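**Student:** Knowing the structure of chain A, use the given hints to seat chain B on it.
Residues per chain are reported as follows:
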Amino acid sequence: MTGEEIVLAVSRIEERAKPREKCAMPAVTVPVESLAVFMRAIHDDPALSFDMLCTHTAVDWLGENRFELLYVLCSLKHGHYLTVSTSVPRDKPEVSSVSSIWRIAEWQEREVYDLMGVLYSGHPDLRRMFLEDDWNGFPLRKDYKDDFMLELPE
Amino acid sequence: MTIRPITLADRIAAGQKVESLLSTQEYFVNMGPQHPSTHGVLRLLVRLDGETVREVIPVVGYVHRGIEKMGEYLTYRKFIHLSDRLDYLSAITNNWVVAMAVEKAAGIEINDRIQTIRTLCAELQRIQSHQLWWGVFGMDLGAFTAFLYGFRDREVVTDIFEETTGARLTMNYIQPGGVMFDIHPDFVKNVKKFLAYFKPKLEEYETLVSGNVIVQARLRGVGILSPGAAVSIGTTGPVLRASGVAHDLRKSEAYGVYGKVQFDIPVGVKGDCWDRYWVRIEEMRQSIRIIEQLIDSIPEGKHMTIKPTAKIKLPEGLYYNQMETARGILGALIVSDGGEKPYRIHLRSPNFNNLWSVTAMAPGLRIADLVAILSSIDVVVPDIDR
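First to last, the protein sequences are chains A and B. Heads up, the first sequence is in this note's numbering, so the first residue is 1 and it goes up one at a time. Heads up, the second sequence is in this note's numbering, so the first residue is 1001 and it goes up one at a time.
FYI, nobody ran anything at the bench for these hints, they're computed from the structure. Please note: incorrect hints may appear among the correct ones.
Said to hold, decoys possible - Pairs of lysine-lysine residues, derived as DSS-like cross-links and limited to a Cα-Cα distance of at most 25 Å, are as follows: (1) A:Lys-142 <-> A:Lys-92; (2) A:Lys-142 <-> B:Lys-1069; (3) B:Lys-1270 <-> A:Lys-77; (4) A:Lys-22 <-> B:Lys-1311; (5) A:Lys-77 <-> B:Lys-1251; (6) B:Lys-1260 <-> B:Lys-1104; (7) A:Lys-22 <-> B:Lys-1069; (8) B:Lys-1313 <-> B:Lys-1069; (9) B:Lys-1302 <-> B:Lys-1192; (10) B:Lys-1104 <-> B:Lys-1341; (11) A:Lys-145 <-> B:Lys-1069; (12) A:Lys-22 <-> A:Lys-142; (13) B:Lys-1341 <-> B:Lys-1069; (14) B:Lys-1313 <-> A:Lys-22; (15) B:Lys-1313 <-> A:Lys-142; (16) B:Lys-1078 <-> A:Lys-142; (17) B:Lys-1341 <-> A:Lys-142; (18) B:Lys-1069 <-> B:Lys-1104; (19) A:Lys-145 <-> B:Lys-1341; (20) B:Lys-1313 <-> B:Lys-1104; (21) A:Lys-22 <-> B:Lys-1104; (22) B:Lys-1302 <-> B:Lys-1313; (23) B:Lys-1341 <-> A:Lys-22; (24) B:Lys-1104 <-> B:Lys-1078; (25) B:Lys-1078 <-> A:Lys-145; (26) A:Lys-92 <-> B:Lys-1069; (27) B:Lys-1189 <-> B:Lys-1199; (28) B:Lys-1341 <-> B:Lys-1078; (29) B:Lys-1311 <-> B:Lys-1341.
To be verified - If the Cβ cut is set under 10 Å, some of the chain B residues that face chain A in the computed set are: (30) Ala-1105; (31) Ile-1233; (32) Ser-1252; (33) Tyr-1319; (34) Tyr-1320; (35) Asn-1321; (36) Arg-1344; (37) Ala-1360.
None of the values given here were measured: they were computed from a predicted structure. Just so you know, even glycine gets a beta-carbon here, dropped at the ideal spot from N, CA and C.
Just chain A, with the same shape it has in the complex (with noise of 0.2 Å):
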């Protein structure tokens, strides 16, 4: 299938999916409350199936106060991708984990709590994967500040 042609089947299954502007490669935006859900659907669903999440992460806006979480997908069978975006406030980070679906979300959701602080719903292990546990702050935000960082120079 063509980018327009994914886009245009996934807003079949979630109709609020809207295509992400701004980007290279077909994306949409989901609700956060319908991304479990969603996710699950184009994971099943025979003719998108997308088998293998390529990896996921997180974007903050801080002007407009909101963490983007992207997911890039593939379909080894299709041999097409998706990006999927779906936006979480800052002050209340929380999505539901889709470790049940593609098993190295479980990881990944890991890595993006550690460094950007989305507190993943459903998740079996959520704990801090590069920094030790007693860190404080979530060093990939753009507001985040301590005592080692210098101030680069113009």
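**Tutor:** Chain B in isolation, oriented as in the chain A frame:
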């Protein structure tokens, strides 16, 4: 009356069941962070019952350097230099992923000479990486000879890289818009010399290790990864292909000049340690094939299509580019706000995903098998931690 300690025989005589007397206890053992078979600073927390592995919990982060955070403060051209430090055995491919993501986003045109040089270097890099893996794999199985053979032959490739790029490990060779330097005048001659040298050596590898009875017994049927689990865990590269899934970006999304050359994708049958071993040996042969087809026909042209000092700005948006390194698919996800630096840069590293396949493969096997499994997936820890 003499007093003696109560023995097992006394307890059996008193009517206790043997099974209850010989009960085992589960315990946790740390493998690493400083363990020769973890190839860097990786810790495996292993739950054991006797010598049988019940569960493996990888603990990572010992070489976390915050490369993604650093990337937000560096221009794209500077960030290339950090990408070398991910998977240090695939430095050139790492450069290429980021460079190609930037080129696609900024619309920078690349000529055929650059594409050919990049493809040649990437394949040399793959051979070099698999040579080192083969040596270390042998050492993990207890064959020190393989280690010395692997390093001896890898030295030849490293010398070729040193001539052209000036570095042996972190080359910083591929830049947005081209390659840092043109190839050394002796490059073609030396690569041909290396191929003539290495082809019989590869056969020697086979007779030395592959056919060995102990190696076969250690690898066959050990650490089976089913295709379903391999896909769900998101493994890529030789690990995925050994499980029988023929997914190779060099074929399916031919970048560089891979579309113009003939090569096969080796695919395993069972997904055990032997298949992962065999797939890598076969990949070296295919890389030799690719290099042979390209080495005589490097087109003329410039090695850089933009000025090395030109400012690179990406239009606002989200970009993702991925490529097949020696260990699997490396992806670069760039979020740009229109400036010279990325707003957010994320790297999808192949080793991060491949590592977790251990948790699916190891339960039920022995500790020695765990060493073979870990070595057969060939992890490079700085790429996991980033």
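**Student:** Tell me, in ascending order, the numbers of any earlier hints that this structure violates.
**Tutor:** Those not satisfied: there are none.
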